[in-house]
Amino acid sequence: MLRRLLPEFRSNDDRRFFLLHSPTTLIVLLILLSIITVLMLYSVPVLRKEGLGVFIKNIWRPSDYDPEAEVYGLAAAIYGSVYTGLIAVIVAAPLALASAIVVEELIPRRAKGLVSTLMDLMAATPTIIYGIWGMAYLAPLMHRVLLLLHHHLSWLPFFSEPPTTGYTIGTAGILLGIMATPYAAAVIREAYSMIPTHLREAAYAIGATRFEVVRILVSLIKPSILAGLALAFARAIGETVAVSLVIGNSFNISPSITVPGYTVSSLIASQFANAGLYMYMESALFAGGLVLFIVGLVVNALTIWYMKRWEEAIKRV
Amino acid sequence: MVEYAVEVNDLHVWLGERHILQGVTFRCPERTVTAIMGPSGTGKSTVLRAINRLLDLNPEAKVRGRVKIFGVDVYSVEPYVVRRHVGMVFQEPNPFPHISIYDNVALGPKLHGIVRSKKELDELVKWALEKAMLWDEVKNRLYDLPTKLSGGQKQRLSLARALALKPRILLLDEPTANIDPVNAMKIEEAIKSIVREEGITVILVTHMPAQAVRISDFLVFMYKGKVVEQGPTRDVALHPRSELTERFMRGEL
Ligand SMILES: Nc1ncnc2c1ncn2[C@@H]1O[C@H](COP(=O)(O)OP(=O)(O)O)[C@@H](O)[C@H]1O
Ligand SMILES: [Mg+2]
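Protein sequences, first through last, are from chains P and R. When the letters of the first sequence are read in order and numbered with our numbering, they come out as residues 165 to 481. When the letters of the second sequence are read in order and numbered with our numbering, they come out as residues 183 to 435.
Simulated from the structure, these hints should not be mistaken for lab results. Treat each hint with caution, since some may be false.
Among the chain R residues that face chain P by a calculated CB cut under 10 angstroms, a handful are [what the hints assert, rightly or not]:
no.: 1; residue: N234
no.: 2; residue: R235
no.: 3; residue: G269
no.: 4; residue: L289
no.: 5; residue: L353
Within a straight-line C-alpha distance of at most 30 angstroms, the following computed DSS-like cross-link-like pairs (lysine-lysine) qualify [as the list claims (entries may be wrong)]:
no.: 6; chain 1: R; residue 1: K321; chain 2: R; residue 2: K292
no.: 7; chain 1: R; residue 1: K321; chain 2: P; residue 2: K386
no.: 8; chain 1: R; residue 1: K330; chain 2: R; residue 2: K292
no.: 9; chain 1: P; residue 1: K386; chain 2: R; residue 2: K301
no.: 10; chain 1: R; residue 1: K408; chain 2: R; residue 2: K301
no.: 11; chain 1: R; residue 1: K330; chain 2: P; residue 2: K386
no.: 12; chain 1: R; residue 1: K408; chain 2: R; residue 2: K244
no.: 13; chain 1: R; residue 1: K292; chain 2: P; residue 2: K386
no.: 14; chain 1: R; residue 1: K244; chain 2: R; residue 2: K300
no.: 15; chain 1: R; residue 1: K321; chain 2: R; residue 2: K374
no.: 16; chain 1: R; residue 1: K321; chain 2: P; residue 2: K276
no.: 17; chain 1: R; residue 1: K308; chain 2: P; residue 2: K386
no.: 18; chain 1: R; residue 1: K300; chain 2: R; residue 2: K330
no.: 19; chain 1: P; residue 1: K386; chain 2: R; residue 2: K244
no.: 20; chain 1: P; residue 1: K472; chain 2: R; residue 2: K301
no.: 21; chain 1: R; residue 1: K301; chain 2: R; residue 2: K250
no.: 22; chain 1: P; residue 1: K472; chain 2: R; residue 2: K408
no.: 23; chain 1: R; residue 1: K292; chain 2: R; residue 2: K308
no.: 24; chain 1: P; residue 1: K472; chain 2: P; residue 2: K386
no.: 25; chain 1: R; residue 1: K250; chain 2: R; residue 2: K300
Now the in silico label distances, taken between C-beta atoms and shown as ranges [unchecked claim]:
no.: 26; chain 1: R; residue 1: R246; chain 2: P; residue 2: L312; range: 51 to 59 angstroms
no.: 27; chain 1: P; residue 1: I293; chain 2: R; residue 2: D238; range: 41 to 49 angstroms
no.: 28; chain 1: R; residue 1: E302; chain 2: P; residue 2: H362; range: 48 to 56 angstroms
no.: 29; chain 1: P; residue 1: H362; chain 2: R; residue 2: L435; range: 42 to 50 angstroms
Heads up, the beta-carbon is just placed ideally off N, CA and C, and yes, glycines get one too.
The whole structure should be built from the sequences, with the hints applied where relevant.
Structure follows, in structure tokens:
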């Protein structure tokens, strides 16, 4: 019976390889499983108390005396995560695409290495560095920019509120976009460089200019671009330290990017230390973690599904 | 004075250090098919790529000599202008996999703004697909991706895409090499009618002597980067003067 479940081995080496590596896979699986379990178990108390309202309400009221008076709702944090994530994608999309095209098409081969090293460096920079850079430089700059935008474009919902500081949803979104750019760019570049020569030549052969060829080739790798942006989104909603330093940490649900906000990650980071003082806060934070986990899972699954479908359609022309 | 559709004069090409073409000279009168033959690695594709300046894409390539189409030196104008008037079909079928059959054909005309309305574009696409002998097979699935077409159909789609630009010259680089005989015959038919009815001048690289005899008016036989022998196809194919040509025709090279 068990025989059938096990793969066939050609040699002892095969067997050793399998025996050596199957535990590793198993460990990874177990870790994932335990993450899900912990997230769910710890979310139970708040779910019991608040029901699904914990995901929908925008309220954060700990109580020092009466646990039953505590009320938690993650809406602002979830909203902030999605909103900053989308801003990050909007920022990262042109940056990543442009940098990928510049590296693959425009600069001489010798300079390629330099630019990709810079990109790698950007990806390897610890997020706390982005955070303090964001606080020291980006936030003040954004304050001025947002003031200007609010002044001239306050009829747009995105700039409707006057910015009181530079610590805003917009600042966080832009910082996240910058941080996610090298990751999205790597995915896009990889896809671009793998475009087969015969398709590139096909584009030139119909009399396309360099610029038009790039346009055609970019449209050819659209699914990979989407995948790169999905990765950027996933990274953005998972990012913690840098965001909590620049987002202003307050429970707002506003279309305006000029106000401070929260993300689920920054909420967890900033509240977890004293959450133990309360009955339900920790549980509410775990519920937030569960949301993040699920969103990440869904985004990944959708991306993989989409890429698969695309690859099958495109396969071998 | 006769004006030639294509004149290649003392063409030299280096790829890096290698001297690939060593003084190639031939001429193609308008509305004719010129076949270029020779063993593989001889530089036939390189000749075509020098004519439509695809060689420009290779930073290692150096070109010397002259290529004229209808009296115009192709190296004196922008490469995309050359390619807009000189179509090319490659050995490997290469329709764009991500856009529909229709869009594959329509892309070139749209880029160059050679139609003024959707109706004109529809007509042009139909015309090109008919000329490529593909219309009947795809007319009910114009908006499908080309990925489900057979290899031969894909190659005819590549031909239609080239034709949609109404080129005056068409370069075909072993277009039937990877394709089944039935599809190959269709492509040959298409080539003949393109020349006869549309007055397009064709340069066809082929490895099949029989194909050259069937559809070409002139034959250029190359060996190791040089032209060994050229002339009207029948003369060269049936009464080769060079021993190399003769051996190639017998399938020994
Ligand atoms: N991109 C390239 N770089 C260097 N050498 C090349 C390149 N493309 C082709 N060659 C060489 O140029 C020679 C001629 O190639 P090609 O024109 O493709 O020959 P043919 O089409 O007659 O088979 C071959 O020896 C080939 O190895
Ligand atoms: Mg060749």
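- prompt: With 10 angstroms as the cut and Cβ atoms as the points, is N234(R) at the interface with chain P?
  reply: holds (7 angstroms)
field: Distance restraint between K386(P) and K244(R), which requires alpha-carbon spacing of 30 angstroms or less
entry: Distance ~35 angstroms between K386(P) and K244(R) Cα, so the pair is violated.
task: Mind checking the hinted window 48 to 56 angstroms against the Cβ distance between E302(R) and H362(P)?
output: Since the Cβ atoms of E302(R) and H362(P) sit about 30 angstroms apart, the hinted range of 48 to 56 angstroms is violated.
- request: Take the C-alpha atoms of K472(P) and K408(R), compute the straight-line distance between them, and say whether it is at most 30 angstroms.
  value: violated (48 angstroms)
- prompt: Do the alpha carbons of K408(R) and K301(R) lie within 30 angstroms of each other, as the hint requires?
  reply: Violated, at about 47 angstroms.
- prompt: Holds or violated: is the Cβ of R235(R) closer than 10 angstroms to a Cβ in chain P?
  reply: holds (9 angstroms)
Pair hint outcome, K321(R) versus K374(R) [Cα-Cα no greater than 30 angstroms]: holds (22 angstroms)
Restraint check for K292(R) with K308(R), where alpha carbons must lie at most 30 angstroms apart: holds (15 angstroms)
- request: Identify whether the interface hint at L289(R) stands, where standing means a beta carbon of chain P within less than 10 angstroms of its own.
  value: Where the cut-off is 10 angstroms and the nearest Cβ of chain P is about 6 angstroms from L289(R), the hint holds.
field: Pair hint K300(R) and K330(R), alpha-carbon separation not exceeding 30 angstroms
entry: The given pair, whose Cα atoms are some 26 angstroms apart, holds under the 30 angstroms limit.
Restraint status (C-alpha distance of K308(R) to K386(P) at most 30 angstroms): holds (28 angstroms)
query: Are the Cα atoms of K330(R) and K292(R) separated by 30 angstroms or less?
result: Given that 30 angstroms is the threshold and the Cα spacing comes to 24 angstroms, the pair holds.
Of the numbered hints stated above, those contradicted by the structure are hints 10, 14, 16, 19, 20, 21, 22, 25, 28, 29, listed in ascending order.
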